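**Q** Please model the entire structure based on the sequences and the hints provided.
2 protein chains.
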Amino acid sequence: MQLKVKILNIESGGKPVVFLSDEDADELNITASERVTVQAKKKITAIINISTTIEKGFLGVTEEVRKSLSLKQNSRVNVEIAPFPKSLQFIRNKLSGKKLLYPEIYEIVQDLVDGNLSENEISAFVTALHIDKIDLDEATSLSRSMVDTGKTLSIDKKIIVDKHSIGGVPGDKTTLLVVPILASQGFTIPKTSSRAITSVAGTADRAEVLMPVEFTTKKMLQILKKSNGCIVWGGAIELAPADEIFVKTEFSLHIDPLLLPSIMSKKKAVGATHLVVDIPTGRGAKMKTTGEADLLARDIIELGRRLGIHTHCVVTFGEQPIGNTVGPALEAKEALEVLMNQKNVPDLIDKACNIAGSMFELLGKKGGYAFAKKILKSGQAEEKMREIIKAQGGNSRILPEDIPIGKHLLYIRSEKSGQILWIENRIIVEIGRAAGGPKDKGAGIVFNKKIGDHVKKGELLFTIYAEKSYKLDRVKYILSTRVPLGLGEKSDMLIHTVTESPVVERTFVIDR
Amino acid sequence: MQLKVKILNIESGGKPVVFLSDEDADELNITASERVTVQAKKKITAIINISTTIEKGFLGVTEEVRKSLSLKQNSRVNVEIAPFPKSLQFIRNKLSGKKLLYPEIYEIVQDLVDGNLSENEISAFVTALHIDKIDLDEATSLSRSMVDTGKTLSIDKKIIVDKHSIGGVPGDKTTLLVVPILASQGFTIPKTSSRAITSVAGTADRAEVLMPVEFTTKKMLQILKKSNGCIVWGGAIELAPADEIFVKTEFSLHIDPLLLPSIMSKKKAVGATHLVVDIPTGRGAKMKTTGEADLLARDIIELGRRLGIHTHCVVTFGEQPIGNTVGPALEAKEALEVLMNQKNVPDLIDKACNIAGSMFELLGKKGGYAFAKKILKSGQAEEKMREIIKAQGGNSRILPEDIPIGKHLLYIRSEKSGQILWIENRIIVEIGRAAGGPKDKGAGIVFNKKIGDHVKKGELLFTIYAEKSYKLDRVKYILSTRVPLGLGEKSDMLIHTVTESPVVERTFVIDR
Chain A
0 MQLKVKILNI ESGGKPVVFL SDEDADELNI TASERVTVQA KKKITAIINI STTIEKGFLG
60 VTEEVRKSLS LKQNSRVNVE IAPFPKSLQF IRNKLSGKKL LYPEIYEIVQ DLVDGNLSEN
120 EISAFVTALH IDKIDLDEAT SLSRSMVDTG KTLSIDKKII VDKHSIGGVP GDKTTLLVVP
180 ILASQGFTIP KTSSRAITSV AGTADRAEVL MPVEFTTKKM LQILKKSNGC IVWGGAIELA
240 PADEIFVKTE FSLHIDPLLL PSIMSKKKAV GATHLVVDIP TGRGAKMKTT GEADLLARDI
300 IELGRRLGIH THCVVTFGEQ PIGNTVGPAL EAKEALEVLM NQKNVPDLID KACNIAGSMF
360 ELLGKKGGYA FAKKILKSGQ AEEKMREIIK AQGGNSRILP EDIPIGKHLL YIRSEKSGQI
420 LWIENRIIVE IGRAAGGPKD KGAGIVFNKK IGDHVKKGEL LFTIYAEKSY KLDRVKYILS
480 TRVPLGLGEK SDMLIHTVTE SPVVERTFVI DR
Chain B
0 MQLKVKILNI ESGGKPVVFL SDEDADELNI TASERVTVQA KKKITAIINI STTIEKGFLG
60 VTEEVRKSLS LKQNSRVNVE IAPFPKSLQF IRNKLSGKKL LYPEIYEIVQ DLVDGNLSEN
120 EISAFVTALH IDKIDLDEAT SLSRSMVDTG KTLSIDKKII VDKHSIGGVP GDKTTLLVVP
180 ILASQGFTIP KTSSRAITSV AGTADRAEVL MPVEFTTKKM LQILKKSNGC IVWGGAIELA
240 PADEIFVKTE FSLHIDPLLL PSIMSKKKAV GATHLVVDIP TGRGAKMKTT GEADLLARDI
300 IELGRRLGIH THCVVTFGEQ PIGNTVGPAL EAKEALEVLM NQKNVPDLID KACNIAGSMF
360 ELLGKKGGYA FAKKILKSGQ AEEKMREIIK AQGGNSRILP EDIPIGKHLL YIRSEKSGQI
420 LWIENRIIVE IGRAAGGPKD KGAGIVFNKK IGDHVKKGEL LFTIYAEKSY KLDRVKYILS
480 TRVPLGLGEK SDMLIHTVTE SPVVERTFVI DR
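Going line by line, the protein sequences match chains A and B.
Reading the first sequence from the start, the letters are residues 0 to 511 in numbering that gives the first Met the number 0.
Reading the second sequence from the start, the letters are residues 0 to 511 in numbering that gives the first Met the number 0.
Everything labelled a hint here was simulated from the structure, so no lab data went into it.
Note that the structure is a prediction, hence the values are computed from the model and not measured.
Take these hints with a grain of salt, some might be off.
Any copy will do: because identical chains look the same in the list, a pair fits if it lies in one copy or spans two.
As the list claims (entries may be wrong) - List of simulated lysine to aspartate or glutamate pairs, DMTMM-like, C-alpha gap at most 25 Å: (1) K55 x E10; (2) K55 x E213; (3) K55 x E26; (4) K71 x E10; (5) K66 x E54; (6) K467 x E33; (7) K150 x D136; (8) K438 x E336; (9) K14 x E33; (10) K467 x D25; (11) K438 x E33; (12) K85 x E423; (13) K55 x E466; (14) K14 x E62; (15) K467 x E22; (16) K97 x D131; (17) K98 x D131; (18) K98 x E243; (19) K14 x D25; (20) K55 x D439; (21) K217 x E386; (22) K97 x D134; (23) K475 x E33.
**A** If you want it as structure tokens, here you go:
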């Protein structure tokens with residue numbers, strides 16, 4: 000059927016979507032959500048919406064379709080019912096409990112990346128993976144498919160190292176220490192990081208305070224040649240593009256069945272041969288118990304083995320923020336201070352040295368932890384970090400005091416004496432986001448007290464920083480209704496009370 | 000945040016959707032698919048899309064939002080992040096395997112009807128119901144919720160009867176006989192029917208050949224007062240509006256976990272006290288074996304009991320089309336001929352009398368089948384049907400020959416002698432739809448031979464009718480690649496061969 004193009008001037012979230020009149024939809028024999036092929040010079044498949052605001056004889060096109068076919072207003076296109084995509088049959092098989100093989104999963108992931116699957120279909124697939132659980136065979140196929148449908152880095156090195164955290168703990172600027180420690184010893188570490196989705200800062204947000212982080216893969220390879228290491232935003236590089244689409248759906252449903260394939264596909268795509276995965280554990284983290292964490296670690300290691308990546312996992316204490324700061328600029332500043340040996344932040348240093356040390360041991364070196372600590376203390380890590388900053392186009396002489404921090408402060412003091420018994424990561428994140436993070440880079444929190452510390456009445460517990468003063472009002476509101484930390488005596492037995500009404504809060508963490 | 004309205008002039012499928020610029024989305028701290036409240040004189044919740052074609056300071060609104068808030072171009076609205084809807088928590092509970100209770104299911108269905116759930120969320124809920132299976136408690140809660148979120152009919156009668164078919168067999172015009180048979184005995188039968196989604200004709204499409212079928216509930220009650228019975232399109236009456244939304248998602252995923260709640264909620268909404276459900280069974284039907292059919296029947300009857308509807312199920316032969324015709328006009332004509340005793344169509348008459356007879360027995364009458372047959376033969380059913388046609392505003396004197404049928408014919412003759420061993424319903428439906436059904440009412444198929452009939456070489460097997468000659472080309476193409484019926488000897492042992500390559504076809508039936 001020939002139709003005239005009507006440019007709608009809106010986007011449909013990456014998927015090619017077209018709008019048809021009722022009459023034309025009827026004529027094509029389309030009743031519910033279906034697909035058509037749209038042929039101009041090229042031919043694409045698009046998802047249909049039926050709309051009464053489209054006149055008979057016209058085809059409303061979103062920006063995705065306009066661009067992909069280079070369409071002009073009122074140009075003519077040929078529209079026909081599209082053949083039923085094979086990948087839908089495979090999704091349907093998954094819904095009826097069948098195990099999917101690599102070629103089937105590849106077909107699904109390829110259609111996903113091409114925008115040929117509707118939100119319904121993606122959501123059903125993700126839900127089925129969540130409810131039925133994916134086994135390691137499917138996880139392997141998913142990881143491979145996510146690699147095979149995107150770009151890959153080819154670095155001419157025998158050993159390529161990488162690290163990853165499954166996330167969930169605020170203030171975790173460990174990567175800013177681990178990358179230079181490893182790179183300073185001549186190891187190539189092509190680190191790609193994410194921006195915050197649900198947190199106050201992602202590693203890409205933190206690194207961006209010190210240097211640019213958005214590069215093409217070509218430019219990334221040039222940076223790696225200069226400095227062995229890099230810290231770039233993964234979103235700008237088209238490695239495993241399926242992940243970004245899956246994450247949207249997972250986030251909206253508060254489930255993350257694709258956690259492992261997501262992590263491992265991105266590592267495989269950069270060509271990692273050796274990997275350390277950090278699994279923060281504790282009631283405020285993604286993994287609540289060491290039992291769960293160990294099971295996850297086994298799966299990650301096995302998945303690594305199947306993909307040809309030697310993997311260690313470190314299970315780390317995740318009950319409170321890492322170090323004393325939360326927020327992009329505050330965290331970048333703290334990391335720089337530690338690299339420069341200006342400040343001693345014991346838990347941050349311990350975590351970084353455990354991760355870097357674990358990598359050294361994975362590579363065959365004994366006493367990895369002590370070795371990592373020596374590199375940090377010696378200033379080699381700082382020197383390497385400045386090389387990386389330079390290679391990525393930042394100011395390699397940057398000093399902690401050069402980093403701009405929010406000017407509007409809110410001091411939170413203790414109302415009684417006692418000991419800090421717990422810190423609620425979830426509420427810390429809420430406060431940090433309300434203060435402006437991750438968008439306002441200078442927003443965040445600085446802690447004066449952490450778990451186990453003794454506090455006197457009136458002592459400073461933490462300080463909130465904001466770039467815009469009105470954002471502190473939101474913070475005040477949160478603080479008036481929520482308790483971010485527990486102050487009491489060691490003999491206090493109540494952890495918390497669980498009441499009858501359902502917990503209705505957005506507490507899902509999906510920064511990976 | 001105050002934004003200026005930009006009217007997009009497109010529809011978003013019933014859900015309120017708004018489009019925001021990247022900058023404003025950031026400012027509101029929205030990262031992925033979220034909801035905002037949009038406040039003008041009234042306040043509604045809308046789902047967000049982020050679009051680069053929307054300028055900072057503007058809010059793109061779809062028709063759904065424009066209408067619901069009576070917005071004008073450039074008028075100002077207040078936009079804020081919406082609180083997290085409770086129903087999402089309940090969907091999330093379902094995803095983690097929890098059983099949902101009535102108040103939770105009600106909340107989900109209410110949000111669904113209000114357009115507050117995104118496609119992702121609806122799809123995840125439907126998928127979870129499919130994979131985890133819904134038990135009868137949840138099916139009861141879903142049925143009740145679907146009734147409670149829509150309109151209901153209140154008819155002042157002690158007994159209200161109804162019938163339903165779970166569908167899947169082409170040519171099933173049984174309702175056009177059953178409704179007048181029952182109504183002629185003074186029973187009230189407020190029959191709502193669907194239009195075809197995946198079939199060649201729905202009962203509403205067939206009935207529309209004889210009379211108007213789109214009415215308000217008020218008008219439907221007036222019709223029932225006049226004639227005891229009616230056959231109207233359910234879509235025009237807002238009974239159980241959730242069903243229409245669920246069906247879209249189910250259709251797109253080829254699953255139908257809501258089959259039972261869908262059927263029973265619509266029966267409860269019209270106030271049915273007694274119900275007969277037809278379960279066509281056979282390899283070309285929804286239920287493949289009598290074992291499955293009997294299990295389904297048990298569930299339907301139990302669900303009826305819980306909803307206060309006395310229910311019988313009839314398991315009927317579903318391996319081939321009912322009667323000799325397929326297609327809206329051809330079927331209406333055949334039904335009228337049978338009502339007028341002009342034609343003997345044994346399987347159609349047998350099926351109608353079994354269903355009507357079962358209802359008589361459910362109401363306490365012995366020998367229901369014979370009684371139903373007597374009513375049909377006596378002309379009482381025809382007389383009642385003409386009353387219904389009149390009450391619905393049709394021509395009560397309509398004769399079979401008044402019904403216009405497609406003028407373009409394609410005769411299919413046998414290429415050899417033998418016996419009809421099977422008819423493939425699925426391919427019959429494909430042919431009927433290719434010929435123009437359900438849109439072209441005069442399109443369809445007339446069978447001269449059915450299963451068991453002996454055929455000589457060159458004898459007419461069936462005739463295809465089309466309103467537009469070019470549609471017969473599509474039919475010819477289907478016939479060149481598919482075999483709609485099997486001709487052979489009783490001693491032929493091969494049913495069919497199943498080959499290695501996956502069956503990739505749209506064969507899902509969801510007309511209910």
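**Q** Hints first: check each against the structure and report whether it holds.
**A** Here's how the hints hold up against the structure:
1. K55 x E10: both (22 Å within a copy, 15 Å between copies)
2. K55 x E213: between (45 Å within a copy, 23 Å between copies)
3. K55 x E26: Result: close within a single copy only, 10 Å intra versus 40 Å inter.
4. K71 x E10: The answer is both: 16 Å in one copy and 22 Å across copies each meet 25 Å.
5. K66 x E54: both (22 Å within a copy, 19 Å between copies)
6. K467 x E33: Result: close only across copies, 24 Å inter versus 47 Å intra.
7. K150 x D136: For K150 and D136, the Cα distance is within 25 Å only inside one copy (23 Å; across copies 49 Å).
8. K438 x E336: within (23 Å within a copy, 73 Å between copies)
9. K14 x E33: both (13 Å within a copy, 18 Å between copies)
10. K467 x D25: Result: close only across copies, 14 Å inter versus 54 Å intra.
11. K438 x E33: Between. Shortest inter-copy distance 17 Å satisfies the 25 Å Cα cut-off; intra-copy 38 Å does not.
12. K85 x E423: between (46 Å within a copy, 23 Å between copies)
13. K55 x E466: Intra 52 Å, inter 20 Å, cutoff 25 Å: inter-copy only.
14. K14 x E62: For K14 and E62, both the intra-copy (10 Å) and inter-copy (21 Å) Cα distances are at most 25 Å.
15. K467 x E22: Between copies, since 16 Å is at most 25 Å while 53 Å is not.
16. K97 x D131: both (10 Å within a copy, 14 Å between copies)
17. K98 x D131: Both ways: K98 and D131 sit 10 Å apart in one copy and 16 Å across, limit 25 Å.
18. K98 x E243: within (24 Å within a copy, 31 Å between copies)
19. K14 x D25: For K14 and D25, the Cα distance is within 25 Å both inside one copy (23 Å) and across copies (22 Å).
20. K55 x D439: between (48 Å within a copy, 18 Å between copies)
21. K217 x E386: within (19 Å within a copy, 78 Å between copies)
22. K97 x D134: Result: close both inside a copy and across copies, 12 Å intra and 22 Å inter.
23. K475 x E33: Answer is between; shortest inter-copy Cα gap is 24 Å, intra-copy 49 Å.
Checked against the numbered hints listed earlier, the structure breaks none of them; every hint is satisfied.
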